[in-house]
Amino acid sequence: MIDKRVASADAALADVADGMTIMVGGFGTAGMPAELIDALVRHGARDLTIVSNNAGNADTGLALLLKARRVRRIICSFPRQTDSWHFDKLYKEKAIELELVPQGNLAERIRAAGAGIGAFFSPTGYATLLAEGKETREIGGRHYVLEYPIHADFALIKAERADRWGNLTYRKTARNFGPLMASAARCTVAQVRAIEPLGALDPETIVTPGIFVKRLVAA
Amino acid sequence: MIDKRVASADAALADVADGMTIMVGGFGTAGMPAELIDALVRHGARDLTIVSNNAGNADTGLALLLKARRVRRIICSFPRQTDSWHFDKLYKEKAIELELVPQGNLAERIRAAGAGIGAFFSPTGYATLLAEGKETREIGGRHYVLEYPIHADFALIKAERADRWGNLTYRKTARNFGPLMASAARCTVAQVRAIEPLGALDPETIVTPGIFVKRLVAA
Amino acid sequence: MKKFSREEMAARVAREFPDGAYVNLGIGLPTLVANHLPLDREIILHTENGLLGMGPAPEAEDVDPDLINAGKQPVTALPGASFFHQADSFGMMRGGHLDFCVLGAFQVSATGDLANWHTGAPDAIPAVGGAMDLAIGARNVYVMMEHLTKGGESKIVARCTYPLTGVGCVSRIFTDLAVIDVTPRGLAVIDIVPGLAFGELQRLTGVPLSRESLQRQP
Amino acid sequence: MKKFSREEMAARVAREFPDGAYVNLGIGLPTLVANHLPLDREIILHTENGLLGMGPAPEAEDVDPDLINAGKQPVTALPGASFFHQADSFGMMRGGHLDFCVLGAFQVSATGDLANWHTGAPDAIPAVGGAMDLAIGARNVYVMMEHLTKGGESKIVARCTYPLTGVGCVSRIFTDLAVIDVTPRGLAVIDIVPGLAFGELQRLTGVPLSRESLQRQP
Chain A
1 MIDKRVASAD
11 AALADVADGM
21 TIMVGGFGTA
31 GMPAELIDAL
41 VRHGARDLTI
51 VSNNAGNADT
61 GLALLLKARR
71 VRRIICSFPR
81 QTDSWHFDKL
91 YKEKAIELEL
101 VPQGNLAERI
111 RAAGAGIGAF
121 FSPTGYATLL
131 AEGKETREIG
141 GRHYVLEYPI
151 HADFALIKAE
161 RADRWGNLTY
171 RKTARNFGPL
181 MASAARCTVA
191 QVRAIEPLGA
201 LDPETIVTPG
211 IFVKRLVAA
Chain B
1001 MIDKRVASAD
1011 AALADVADGM
1021 TIMVGGFGTA
1031 GMPAELIDAL
1041 VRHGARDLTI
1051 VSNNAGNADT
1061 GLALLLKARR
1071 VRRIICSFPR
1081 QTDSWHFDKL
1091 YKEKAIELEL
1101 VPQGNLAERI
1111 RAAGAGIGAF
1121 FSPTGYATLL
1131 AEGKETREIG
1141 GRHYVLEYPI
1151 HADFALIKAE
1161 RADRWGNLTY
1171 RKTARNFGPL
1181 MASAARCTVA
1191 QVRAIEPLGA
1201 LDPETIVTPG
1211 IFVKRLVAA
Chain C
2001 MKKFSREEMA
2011 ARVAREFPDG
2021 AYVNLGIGLP
2031 TLVANHLPLD
2041 REIILHTENG
2051 LLGMGPAPEA
2061 EDVDPDLINA
2071 GKQPVTALPG
2081 ASFFHQADSF
2091 GMMRGGHLDF
2101 CVLGAFQVSA
2111 TGDLANWHTG
2121 APDAIPAVGG
2131 AMDLAIGARN
2141 VYVMMEHLTK
2151 GGESKIVARC
2161 TYPLTGVGCV
2171 SRIFTDLAVI
2181 DVTPRGLAVI
2191 DIVPGLAFGE
2201 LQRLTGVPLS
2211 RESLQRQP
Chain D
3001 MKKFSREEMA
3011 ARVAREFPDG
3021 AYVNLGIGLP
3031 TLVANHLPLD
3041 REIILHTENG
3051 LLGMGPAPEA
3061 EDVDPDLINA
3071 GKQPVTALPG
3081 ASFFHQADSF
3091 GMMRGGHLDF
3101 CVLGAFQVSA
3111 TGDLANWHTG
3121 APDAIPAVGG
3131 AMDLAIGARN
3141 VYVMMEHLTK
3151 GGESKIVARC
3161 TYPLTGVGCV
3171 SRIFTDLAVI
3181 DVTPRGLAVI
3191 DIVPGLAFGE
3201 LQRLTGVPLS
3211 RESLQRQP
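Protein chains in written order, with the working numbering: chain A, 1 to 219; chain B, 1001 to 1219; chain C, 2001 to 2218; chain D, 3001 to 3218.
The shape of chain A in the complex, shown without the other chains (with noise of 0.2 angstroms):
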């Protein structure tokens, strides 16, 4: 039988080993699952590199983890907000690396390693510092640049309900970078408000099927 329930965010992230990439779900702090960051600060795992739109908030969740300086990398497309001066501060000491995607660049990039696509040309972007070295072509008299997908070994993830096949819901504007991330890593692991019983959700409304989802904290 299919149960993709674990008993904790620590044991559902038990394997993160050193050096992963690992993406994190969120735009703010809608979506963003902060049982499963938590739980990735207490794991200790260093030297990651985290694909998220922001660069965390305040003194919260993926703000901690840049905090205690496990986090080598960011691929991200806002990390600058009023509140986060753990990132400014390790940005300004060249503490981290960071890669500055345009958001829906981010996006698509996220959805083609998820769906398998080799590489995409994008009209986002053309002749800005951000496509600098990047490989550029005209298709029908417009420009565009050669984006490559971002793939993960953990992709961290908050939903809304879910079951034990790990079929997902999403609410509202908490939506946004859930099921294409949870297309993209290795492992993916849903936070969950609720998980119902098989046959609960209406299948014309799953978000995202359970092949996409390896494990599913309540929370």
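Derived by calculation from the structure, the hints in this document are not laboratory data.
Be a bit skeptical, because a hint or two may be false.
[To be verified] Using 27 angstroms as the maximum straight-line C-alpha spacing, the simulated DSSO-like pairs for lysine-lysine come out as follows:
(1) A:K67 <-> A:K92
(2) B:K1092 <-> D:K3072
(3) D:K3072 <-> B:K1067
(4) A:K92 <-> A:K134
(5) B:K1092 <-> B:K1067
(6) C:K2150 <-> C:K2002
(7) A:K67 <-> A:K89
(8) B:K1134 <-> A:K134
(9) A:K67 <-> C:K2003
(10) B:K1089 <-> D:K3072
(11) C:K2150 <-> C:K2003
(12) A:K89 <-> C:K2072
(13) D:K3150 <-> D:K3003
(14) C:K2072 <-> A:K92
(15) D:K3150 <-> D:K3002
(16) B:K1134 <-> B:K1094
(17) A:K94 <-> A:K134
[What the hints assert, rightly or not] Label-pair distances were calculated between CB atoms; the ranges are:
(18) A:E99 <-> B:T1136: 23 to 33 angstroms
(19) C:P2058 <-> B:E1132: 51 to 61 angstroms
(20) B:E1196 <-> A:D88: 41 to 51 angstroms
[Said to hold, decoys possible] Computed footprint of chain A on chain C, listed as stretches where at least three residues anywhere in the stretch have a Cβ under 8 angstroms from a Cβ of chain A:
(21) 2020-2030
(22) 2046-2059
(23) 2062-2068
(24) 2079-2092
(25) 2162-2171
Just so it is clear, CB atoms sit at the ideal spot from N, CA and C, and this is done for glycine as well.
Got chain A; can you put chains B, C and D on it based on the hints?
Relative to chain A, chains B, C and D alone:
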């Protein structure tokens, strides 16, 4: 006030013109917009390029459009079926041009058009007849073929429920190509079972947001 | 001469949208536009974090941390709204489905280049978000900004000195002094603040302006 | 020697899937595998037209034209099923999320090339569907086919003469005579129909076979 409802399938297709590219949803008959195809046959437009997974069944729908010799070219993945005699006849007479595309590449090329992607590297079809003459590239040890988007003038799709903004839900495996084609055409016409008051569709369950839909026909 | 206020600028932008337009309002000044949308038209607001049909800010007791805009402020969802993930949301932009976006800017060039994401200062912490996607994605890219920097220099320039967000992407510029179209033949002033002579606007602006399309506002 | 029947072949394939496996069964012979899935394991079937958690064919009165498989036959959806569009469905394959697919074949080469979509005959009407996507997408690509053509020629060949579906993609071949792994060192027989000597299997098959991994079936 936005109201995408149109009185009839014929009215919805009034501005179709000779030579246009028209996407037609459906996998077999599931999701096939029969009323819209019938209206297209009545319309009389000729020299069409049709983009559709199949090439018509028996003496219905797309098969009748082919029989009437309105289609110059068809882009599809699976034209041959036990009851595709109208396509078979035209093909053997060389009276129709066929671009055969693996089903996943067909889906992804339609999505790419809708999402503004200039081209993408797909592993599907590498070193096969269907990739002959196409650009290839090795990325990370895997071989890929460069595939281009497929845009259309019209997309004719079938959905389940709608509201006057054009938001759509689908039913079971009839969803298939509908959400993709809706995004890839200048003018998407959806045939729907029911048009509900605005707000009646749960925003979490809308599969095609109304931004992709221009006209609705209840059928 | 009294400059257009921020609210006047926002009202001026809001008048541009026809019934049924799909519009994305950028962070900062452009968010004010939402308060001025004409009540007799349905304008559908997109927020790139995954919502079409965004409504106004909620009452304090209705704030929902899962329902926010791209500026991470609480919003509401109107009847007819839909939620979607980030790839779908940015596909909407990149694929040319949005009719308008309205963005703030540091600089706009005479050819419609936009600089609005980064000062380029060596110690600045860069952040781009959806700016580059919006710049190249919407069918009409409107910029709202003050005409002059605090130091009195024109933010409309021959060539952007700040790092670019997008090339040749801006179609219309709304400032506190004027409304200016970016055309293949250069910048065309279509509106000007009452009491400001065209010659003075030209003097304040770094690059040649045309007055051919200029209509005094009512 | 009595060849494996179609049902025996299907049962043999079905035994391979561990609990929780995600499996796509191709059109034709592979669909029989669904009837033999072990009852003590949950195997989740994918059908590329947009369903995970496919169940068996419905009773005649429950047939739903909107609920079909890739062969366009009516099916059911199990509790836990989900529906999705074609880009998501093929992303599942291409992205390597399916554990197994089972396909029919005209020919398989000694290096795992697959030919199953087109005879290449000049008057044949080609159709490919999802075959090429499945061939390169699933983590394990299993082929089910008769060992010999009607004319008695081996369908396992040094080099496919029919147009290819995918290159080096097949991992295991189930025929009515044997089960054969495609390995970097060549074809390794792991099972053989009772009463057929290895030497005879080798004689019938076009290309060198190894017997090192061969275990008599119980």
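Pairwise beta carbon distance, E99 (chain A) to T1136 (chain B), judged against the given window 23 to 33 angstroms: holds, 28 angstroms
Starting from K3072 (chain D), check that the Cα of K1067 (chain B) is at most 27 angstroms away, please. Judged against 27 angstroms, a Cα distance of about 23 angstroms means the pair holds.
Pairwise hint evaluation, K3003 (chain D) against K3150 (chain D), where the allowed Cα distance is 27 angstroms at most: Given that 27 angstroms is the threshold and the Cα spacing comes to 14 angstroms, the pair holds.
Confirm or reject the coverage of the segment 2062-2068 of chain C by chain A under the rule of 3 or more residues with a beta carbon closer than 8 angstroms to the chain's beta carbons. Coverage by chain A holds for the segment 2062-2068 of chain C (5 residues, Cβ < 8 angstroms).
Please verify whether K1134 (chain B) and K134 (chain A) have alpha carbons no more than 27 angstroms apart. holds, 22 angstroms
CB of P2058 (chain C) to CB of E1132 (chain B), is that within 51 to 61 angstroms? The hinted range 51 to 61 angstroms holds for P2058 (chain C) and E1132 (chain B), with Cβ atoms some 57 angstroms apart.
Can you let me know if the beta-carbon spacing of E1196 (chain B) and D88 (chain A) is within 41 to 51 angstroms? holds, 48 angstroms
Count the residues of the segment 2079-2092 of chain C with a beta-carbon closer than 8 angstroms to any beta-carbon of chain A: does the count reach three? holds (count 8)
Quickly compare the C-alpha distance for K1092 (chain B) and K1067 (chain B) to 27 angstroms and report which way the hint goes. Judged against 27 angstroms, a Cα distance of about 13 angstroms means the pair holds.
Are the Cα atoms of K1134 (chain B) and K1094 (chain B) separated by 27 angstroms or less? holds, 24 angstroms
What's the verdict on K2072 (chain C) and K92 (chain A), does the C-alpha distance respect the 27 angstroms limit or exceed it? Distance of about 25 angstroms is within 27 angstroms: holds.
Can you confirm whether chain A covers the segment 2162-2171 of chain C, using C-beta to C-beta distances below 8 angstroms and requiring at least three such residues? holds (count 5)
In summary, the numbered hints that this structure violates are 9, 21.
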